[in-house]
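A.B. asks: Listed here are the chains, written in short residue letters.
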Amino acid sequence: AQSVTQLDSQVPVFEEAPVELRCNYSSSVSVYLFWYVQYPNQGLQLLLKYLSGSTLVKGINGFEAEFNKSQTSFHLRKPSVHISDTAEYFCAVSERDSWGKLQFGAGTQVVVTP
Amino acid sequence: DSGVTQTPKHLITATGQRVTLRCSPRSGDLSVYWYQQSLDQGLQFLIQYYNGEERAKGNILERFSAQQFPDLHSELNLSSLELGDSALYFCASSVSGVGTEAFFGQGTRLTVV
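Chains X and D are the protein sequences, given in the same order. For the first sequence, my numbering assigns the number 53 to the initial residue and increments by one for each residue that follows. For the second sequence, my numbering assigns the number 67 to the initial residue and increments by one for each residue that follows.
These are computed hints drawn from the structure, not numbers from a lab. Certain hints may be false.
As the list claims (entries may be wrong) - Taking lysine-lysine and the DSSO-like style, the derived pairs with C-alpha atoms no more than 30 Å apart in a straight line are:
1) K75/D <-> K101/X
2) K123/D <-> K75/D
3) K110/X <-> K121/X
4) K121/X <-> K75/D
5) K121/X <-> K101/X
6) K123/D <-> K101/X
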């Protein structure tokens, strides 16, 4: 069985400061990895995904993530956050033979203050 | 706009009742997924359909059922509702399901009173 752990439930950060959201997963098979963002009262929007190839993945809104197979991690980073980045961020894993069903982490609430 | 449409956006109903949530996937997407988001359980996968057939099942209660119709829209039926069923229910769709990203609808917020 697979599992996803987001190590921080809430991350306060000042505007224009960098942020890193940590995600670790466990699975006995190869996986695809995703980060989704949920703004208040909205659905989930895909930020970026890792399917194969380069372990550094760039996504929308200046976010990037690095897949580390040996540490089974997929941490999300942004060098300079904006107030508009205040949202909940979810790491998700899909096993390669699972027809795309996603196992989500518990989420990390990012609060950006001026 | 993800292209996935869910109706209704909000639903308030009493315990013991039955409701139907509807999802229209993005044009061209054959896979539909249902997820439940609640404060205590987080985001949980319920069920997936691909081109009208059930492909994967998660922690879906026996009181819940779903189907995907020939026009590829899907419905999630929740019956004998309990207070604990109050949650945000998301539908997502993808082209095939394997190695493709899922696009999420805005969700249906169900409140059971």
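A.B. asks: All the hints need checking, so say for each whether the structure fits it.
C.D. replies: Tested hints:
1. K75/D <-> K101/X: Given pair K75/D, K101/X holds - Cα atoms ~28 Å apart, limit 30 Å.
2. K123/D <-> K75/D: holds, 24 Å
3. K110/X <-> K121/X: holds, 17 Å
4. K121/X <-> K75/D: violated, 39 Å
5. K121/X <-> K101/X: Holds, at roughly 15 Å.
6. K123/D <-> K101/X: The given pair, whose Cα atoms are some 23 Å apart, holds under the 30 Å limit.
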